[in-house]
Structure formats: structure tokens, C-alpha cells
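Trainee: Residues 1 to 468 in the UniProt record's numbering are what the sequence shown lists, from first letter to last.
Everything labelled a hint here was simulated from the structure, so no lab data went into it. A hint or two may mislead.
Stated by the list, open to error - Label-pair restraints from in silico Cβ distances:
(1) PRO391 to LEU282: 36 to 46 Å
(2) CYS409 to VAL93: 37 to 47 Å
(3) LEU282 to LEU97: 45 to 55 Å
(4) LEU85 to HIS194: 38 to 48 Å
(5) GLU35 to TRP328: 20 to 30 Å
(6) HIS265 to VAL93: 23 to 33 Å
(7) GLY234 to GLY133: 41 to 51 Å
(8) GLN346 to LEU297: 49 to 59 Å
Idealized CB from N, CA, C, for every residue including glycine.
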Amino acid sequence: MNTLRIFNHHIHIKFVILGIVHFALAAASVYAATEIRYVGDDAAMMRDYAVLMWRAVFFAVVVVACLSAMGVYRPQRQNRHVPVLVRVVAAMVMASLVAAFAFYVLPGLFLGRGILFMALVLSLIGLSIVQLGFYALIDQRSAPWRVLFYGAGHNAAETLAYMRRRSDHSLFNLVGCILAPGETPQVDSQLVLHADCSLAEYARRHRIDEIVVTMDDRRHQFPSDDLIDCRIAGVNIVDTLTFYERQTGKVKTELLQPSWIIFSHGFRRSFAQDAVKRLLDLAVASVLLAIVWPIMLATAIAILVEDGLRQPVLFRQRRVGLNGGIYWIYKFRSMRTDAETPGVAQWASVDDPRVTRVGFYIRKYRLDELPQLWNVFKGDMSLVGPRPERPEFVDQLADTLPYYRVRECVKPGITGWAQLGYPYGASEEDANGKLQHDLYYVKNRSFFLDLLILMNTVEVVLFRKGGR
Numbered sequence: 001m002n003t004l005r006i007f008n009h010h011i012h013i014k015f016v017i018l019g020i021v022h023f024a025l026a027a028a029s030v031y032a033a034t035e036i037r038y039v040g041d042d043a044a045m046m047r048d049y050a051v052l053m054w055r056a057v058f059f060a061v062v063v064v065a066c067l068s069a070m071g072v073y074r075p076q077r078q079n080r081h082v083p084v085l086v087r088v089v090a091a092m093v094m095a096s097l098v099a100a101f102a103f104y105v106l107p108g109l110f111l112g113r114g115i116l117f118m119a120l121v122l123s124l125i126g127l128s129i130v131q132l133g134f135y136a137l138i139d140q141r142s143a144p145w146r147v148l149f150y151g152a153g154h155n156a157a158e159t160l161a162y163m164r165r166r167s168d169h170s171l172f173n174l175v176g177c178i179l180a181p182g183e184t185p186q187v188d189s190q191l192v193l194h195a196d197c198s199l200a201e202y203a204r205r206h207r208i209d210e211i212v213v214t215m216d217d218r219r220h221q222f223p224s225d226d227l228i229d230c231r232i233a234g235v236n237i238v239d240t241l242t243f244y245e246r247q248t249g250k251v252k253t254e255l256l257q258p259s260w261i262i263f264s265h266g267f268r269r270s271f272a273q274d275a276v277k278r279l280l281d282l283a284v285a286s287v288l289l290a291i292v293w294p295i296m297l298a299t300a301i302a303i304l305v306e307d308g309l310r311q312p313v314l315f316r317q318r319r320v321g322l323n324g325g326i327y328w329i330y331k332f333r334s335m336r337t338d339a340e341t342p343g344v345a346q347w348a349s350v351d352d353p354r355v356t357r358v359g360f361y362i363r364k365y366r367l368d369e370l371p372q373l374w375n376v377f378k379g380d381m382s383l384v385g386p387r388p389e390r391p392e393f394v395d396q397l398a399d400t401l402p403y404y405r406v407r408e409c410v411k412p413g414i415t416g417w418a419q420l421g422y423p424y425g426a427s428e429e430d431a432n433g434k435l436q437h438d439l440y441y442v443k444n445r446s447f448f449l450d451l452l453i454l455m456n457t458v459e460v461v462l463f464r465k466g467g468r
């Protein structure tokens, strides 16, 4: 396997290894900084060494968390060397701020300013070198995980089309597509393979690690015996839906069948899981409110200055929540008060002319979403979940997109998996793209995935991904 399943979420092994290397490097930088700081003063160095281990571990955890928040461990960054280095620098700046705050709250973890500064500099140099070397290792041509598609028809072509981004196939090497009996090839002719031996023998000769069954029709001439031989020989066998989900973090809705939802591993819900998620919502929302209330006050004043004291600062709208229930969502008003004809729902759009001048900036930096913290406290929303839609749009989308209402089995969120992986959109096609991400989240949701999404939302805000 080229991924690890951690609390239901698929993470590429190479990024797990990268995180471990980063952790070790950051911890080592604390020891190195201590050596440099106390050179020639053995007594002082020994006093610090006695308590240094936990401080080094804490510093390394902060660094790795900040790198994750900047999107360094996400595959789509792998072919953009300069932006990734910018993210490494931003992560180290963030780590310095987080560490400074933590030292104030937890004085037992305190590192001297000189040691902290040197540790940050050493980590930055080491991380930058590691990052540049890492990208050479995950280049597609050197990807060690060799994958073979069994089937070269419509299903295989659609799968490859939906994985057209380089990041979608950067961590495995597609050997080709074997044409199944009765199929008409629809993939690139260079990928079509004709096996002159059994499937098991072909897999052995070409060192295949995994076979993805992409046949258009499994009812006839399904190679059960060959696939069993391959499985026994150690070759991993998966269907298209599983492969697509694992590699892209999405669910391919075009192939989705009711049986997949009924029998697949996932879609689990328990009282304990809901209780932990609720505690996380309340804790993080409280901390966020304590941090951002000055920004919220400044935003409200800016709206009043532009539009006058008689115009509303907040905007509320009906949205669909848990189990299809309706609730009122709150936002800072970013559009004109006459933006919509009463009773006529209208999609927002990129560069929407109804947006005010202040609205342009608060949308750009997602500040208009901050009042939704009140929805989180009330229990209407969670911090993490599918973005809520208006009832009018939900009825429309549910008629055209199968399984759209499956996303309603969890609370909607201020941020979500779709916000990390899909650009802003306002159409049925975009809704389908976001649905693929939402179904992945609903199926695999966990405390770990929620934390991962919350950390990576920092990247979305700072680098304005998906701004309207």
C-alpha cells in the first residue's frame, strides 16, 4: 500500500515519513541550539539538558502542526517549489508565535529567546533542504508503487479524466490499462496493454503492486481466478471507487451504488464521537471568539461607515442543517440590502457585482463567516462539516445529484473538507465537485480528520484559496 489509514483517513506514506523527518529535525534543532548557546558553559548546558527533552518534543509538535496548517503535507504542493518554501517560512513564523504563547501559558516548557531563535533558524534551513530533496523523490517517474488498471474502457477513461491533476497521480506509477474482453479502448492508446500471459504472470513480470479493476461490465468474463492468484501472490486488488477515494480524498459519485454506502467501512456514528466533536466545537469556538472579537468589531464598524447607521451589519438566511432541519445562519453583510428579489434565490458568483467594497475584503479573508461562531455555540453548526446550502438550492441539487442528501447526516460546518480541496464555485457542476469531498468526509469523519481540516483552514485563509 502507498497510503496509511489513520482514523479512517488515507495519508500517503511518503508524507507520513516526511512528517517524522520534520519532527526529528525540529527536535534536534533545539538540542543543537542549546549546544551553540552554552558553548563553553558546561554547567548551564547540563541544567538545561535535564528538562530539554519535553521542550524539544513540544517544539517539534508545534513545528509539524504549523507545517500541516500551511499545506506542506498535501500532494498538490509537490510541483511548486517556491510556493512550498514560502509556506515553510510562514509555518516557522507561525510556530514562533504559537511557541511564545505556549511559553506564557505553560512556563514549564519555556525555551530562552536565544535558544528559540536559533532553533527556528536551524529548523528553517533544515526543513527547506529536506523539502527540496523530497520533491525529487515523489516525482511520478520515480514513484515505486506500480499500479495496473484491468480495463481500458469508459470506466478507466473516466477515472483518469477525474484524476487529471498531477497531484492526483504523483504518488503512484500507472503501468497501463489491460484491455478486458469485449471492451472498446477509450483511454490513451499509449496506455493500452495486451497481456500475452495470465494476469498473475503479467503482474509478476512487471512488478505490479496493485491492480485496480476498472472493467465496464463485471457480469461477464470477470477474471476471478486470475485475481485470486494475484491476491495470493501479494498483489493488492481494489475496485475503482476505493482506489479513487484513497488517492484523491473524494468519492466518485458517478460510480456510487447504494450497496457501497450500506456495506462500506465508514459512515459510523456514536454518542461518544458526537460528544467529543461537540466539546471540540465549544473549546475551539471559545478560543477563536476570544482572539477575533476585535476583528469582528472592526468589521462591523467598517460596514456601518460604508453603508450608514440605518443599514444592518449582520445578515441572516435560512439554511439546511442536520437531518434536513432548517435554521438561521448569521454572517456579516457583504452585499447590498437589495441583492435579491424577495422569494427568488440566486447563486453567488465570482466577482459578484452585488458585493460592497467592504464586502469584497471580508469575503476575501473569510471574515464574513465569523458570526457563525454563534451558530456553533447554539448547536446548529459544527466547526467542521459540509457547508450549509439554502433550502431552495438543496431541493434543486437533490433532484439532479444522487446521494446529495447523505451530507445532511452530519451538522454543517464553518469549514470543511470540500473547502480545502475544491475552489469556490456556485453552480450545479461545482456542487457535484464539492459533494465528492463532502461524501468522503461523511464516510471517514473522525476527531483526527476534524483537527486536520481545522489546521489546514489556516492555509485557506492566509493564501485566500477559493475567495469569491
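Trainee: All hints are to be evaluated individually against the structure, with a verdict given for each.
Mentor: Consistency of the hints with the structure:
1. PRO391 to LEU282: 36 to 46 Å: Violated, since PRO391 and LEU282 (Cβ atoms, about 27 Å apart) do not stay within the stated range.
2. CYS409 to VAL93: 37 to 47 Å: 39 Å, holds
3. LEU282 to LEU97: 45 to 55 Å: Check failed, 24 Å falls outside 45 to 55 Å.
4. LEU85 to HIS194: 38 to 48 Å: Because 45 Å falls inside the window, the suggested range holds.
5. GLU35 to TRP328: 20 to 30 Å: 58 Å, violated
6. HIS265 to VAL93: 23 to 33 Å: This hint is violated: roughly 40 Å between Cβ atoms.
7. GLY234 to GLY133: 41 to 51 Å: At roughly 30 Å between Cβ atoms, GLY133 and GLY234 fall outside 41 to 51 Å, so the hint is violated.
8. GLN346 to LEU297: 49 to 59 Å: 30 Å, violated
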